[in-house]
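Trainee: One letter stands for each residue in the lines below.
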Amino acid sequence: MLFVAVLFGIFASAEMWKPELSGGIAALTWGRLRYDHTQGILFGWLGNAFFAFLYHAVPILTGRPVTSNTLGRWMFGIWNFAIVIPGWTLVLAGFSQPLEWAEFPVVVDIFVVLALLLALIQFLPVFFKDGLEDTYVAGWYVIGGLVFTTLSYPMGNFVPEFLPGARGAAFSGLWIHDAVGLFVTPLALAIIYYVIPASTGRPVYSHFLSMLGFWLLFFLYPLNGTHHYVFSVIPMDAQKGAILASSLLGVDVIIVVANLFLSLRGTGWFARDLPLRFVATATMFYLIVSIQGSLQAQMAINGTVHFTDWVIGHSHLAMLGFATFAAAGGLTHAWRKMPGARFNPRAVEWAYWLITTGLLLMFVDLTAAGLIEAREWKAQTPWIDSVRAVRGYWIFRTATALPITAGFVALLAGLLTGDRVGESR
Amino acid sequence: MKSLRMSYLVAGLGGVGFFAMSVLLLGVWPGRVLEEETRRTSPKNPLALTVSEKRGRQIYAREGCAYCHTQQIRQLDADTVRFGKSTAVWETQFDYPHLWGTRRIGPDLSREGSLHSEDWQLTHLYSPQAVVPDSVMPAFPALFDGAPDRPLQGARDVVTYLAGLGYARALAEPEIALKKTSGPPANGDDAYAHNCAGCHGPHGEGDGPAAAGLSPKPANLVEHEYTEAHVITVLERGIRGSSMQAWRGLPHHDIAHTVRGFYRPVREPAPPPAIRDLGKQVYADHCAQCHGENGDGKGSAAPEVRMAPTDFTSERPTPAETLRALRQGVAGTPMAPWNTKLSEAELSAVAYYVRGFYR
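In order, the protein sequences belong to chains A and B. Each number in the numbering used here comes from the position in the first sequence (counting from 1) with 13 added on. Each number in the numbering used here comes from the position in the second sequence (counting from 1) with 21 added on.
None of these hints come from the bench; they were simulated from the model. For each residue, glycine too, the CB sits at the ideal point set by N, CA and C. You can take every hint at face value.
Selected chain B positions facing chain A (Cβ under 8 angstroms, derived; list incomplete): (1) Gly-35; (2) Leu-46; (3) Pro-51; (4) Glu-56; (5) Gly-85; (6) Val-110; (7) Phe-115; (8) Asp-116; (9) His-119; (10) His-215.
All chains should be built: construct the whole structure from the sequences, respecting the hints.
Mentor: Written out as structure tokens, the structure is:
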């Protein structure tokens with residue numbers, strides 16, 4: 014799923030400097046590939062990776078098995094064969110919604126809501142059996158992530174179909190942020206909070222800071238959405254409120270990340286364990302991308318960089334840097350606990366460096382491209398000048414897909430080759 | 022432990038409360054404000070989308086057009102100078118779902134309707150690079166039957182939808198943004214190559230890759246002498262009824278310099294007085310109604326025709342081009358062929374005569 018989603022992205026990025034690549038075939042034009050790229054990353058890769066990790070972590074966190082194996086098979090079937098694959102196919106065939114992070118058509122959205130409800134049944138009751146006093150912070154993030162995703166999903170995917178224009182856009186803005194903030198972020202943080210103590214054998218630095226970070230995140234994140242439409246017709250007070258919440262969110266992320274890095278201090282995390290290195294790197298990216306997010310919500314900066322490639326760089330830092338590194342760390346960690354699974358540390362080491370290099374190059378490249386576009390727009394040069402000015406940057410961006418994709422191949426190889434876990438060398 | 026449980030209960034309710042608050046504060050409340058504002062500011066009978074526009078909008082949505090072309094002009098100079106007044110809420114009252122977009126690779130299309138003609142749009146949709154050489158927009162040949170002038174229903178719908186964008190706003194509050202330029206012209210070759218050559222051709226011969234799909238054809242700049250003021254006015258306003266759009270934001274002076282440079286003057290002997298008199302007579306009888314007694318394009322019938330008649334005081338075609346227009350008419354414009362009504366001698370005479378208006 015990850016590879017298909019990445020291929021959609023690579024093709025779309027190449028069509029940005031060589032549009033005739035689509036060969037005039039409607040299903041291969043930029044717009045449809047762009048829809049499938051982001052939905053594929055969200056559902057196909059991150060969704061599957063998160064659920065897989067929950068099957069490892071939830072029983073250990075609660076000391077009880079998840080609700081039902083049969084239910085698990087149904088969830089897997091629905092997620093992949095009623096959501097991802099039909100979603101992709103329908104988008105390519107021309108059935109979709111022009112709404113960001115909600116491109117799959119409404120009929121697929123119904124199955125997403127169903128799958129999310131099933132996930133609540135599957136993973137949550139075990140947490141409530143003993144009351145919540147002893148619930149570890151990773152468990153809290155699992156509960157929060159699943160509950161709030163289920164609450165917010167219909168808002169972004171159904172409401173704009175019924176409310177026109179600016180009124181619908183207000184809800185779209187909320188979902189654009191909630192998809193990242195209430196689904197991806199909590200589940201990625203759950204992985205990070207889980208893998209760090211599990212690998213180092215030390216508890217997190219402060220449970221109080223963990224809890225403070227958790228609750229602040231869930232209080233603040235939903236209030237961010239409108240910062241995607243600054244200087245729009247949406248009431249200025251709503252815009253300003255969202256910008257204020259965005260600033261406070263930066264403070265919250267500093268609390269969370271400080272707690273995580275204090276937990277890592279003195280553990281030799283870089284050399285100690287590959288999954289641990291992935292989640293620690295994810296934590297760094299989380300800090301960078303969140304501070305960047307708080308800054309670019311500010312009106313002065315937003316006015317300049319909004320609509321440019323700068324934001325595309327930001328979202329890759331979030332979904333690839335933060336979420337994918339966390340997911341890769343969580344999956345490799347869980348994988349090695351499975352009896353009989355193979356693990357090839359050299360390949361995973363390669364994966365780490367290849368993906369890191371590719372991501373950083375892409376991020377720098379897109380950020381620079383965004384600033385160039387912003388300058389051309391402000392200078393009121395002919396529109397096409399802003400396209401010509403960044404063409405080279407777009408070509409380079411496609412080239413950065415090479416190390417990233419190679420890194421994913423290496424990651425897969427790392428899980429399929431090498432010694433079996435438990436075998437002695 | 023009971024206190025801890027209580028505090029989690031409170032926090033949990035608080036979390037759900039904050040989520041509900043976000044929906045109320047950033048979703049429902051702005052919605053009510055916007056609804057009220059729509060009621061207050063919208064024109065009495067707002068233009069809803071026609072059936073064709075709705076179908077075109079669906080194609081626009083499914084092809085991801087909104088992911089490169091925003092339809093949201095922000096309240097910022099960088100946006101309003103280029104695209105016009107910022108988006109008002111009533112303009113979006115028929116958008117289910119909205120197409121605001123969050124990335125701008127191509128220009129904002131909120132006010133696209135007034136900028137380009139239908140055949141320009143069709144040609145552009147069929148092959149964007151034909152019209153805008155450096156464009157990175159995907160082509161949509163699947164909406165056509167093999168050529169830009171043979172659109173299928175889908176292409177017609179998209180173009181109808183685009184033509185309506187901003188129309189309601191233009192009716193409600195017309196906006197004229199003319200850019201003042203001054204100082205000596207610089208070299209406009211580069212701006213010409215990247216913005217004009219798609220239609221007018223690399224050397225101004227009217228043979229760019231987009232020309233095939235356009236009617237009337239792009240002007241052959243080699244065959245026309247223009248005053249500088251004329252080129253600048255055309256760049257500022259476009260030519261209604263043709264594919265020539267208003268080019269806000271281009272360096273008008275510089276491009277005028279380049280365009281005027283394409284003209285190749287031809288030697289022409291002064292016609293004998295008898296011919297000049299014949300030309301004057303023919304012009305007064307047949308041409309002045311549209312082109313005006315003084316050749317300024319302001320004849321009594323000028324307001325009735327679809328396109329403004331040529332103003333010969335600021336635009337002078339070569340004799341060969343003038344004769345061609347007289348004999349064959351100009352396809353796609355109200356200029357009809359005159360070869361059946363006038364004799365060869367009369368045609369030549371009037372062709373010479375109109376060239377005398379140029380100042």
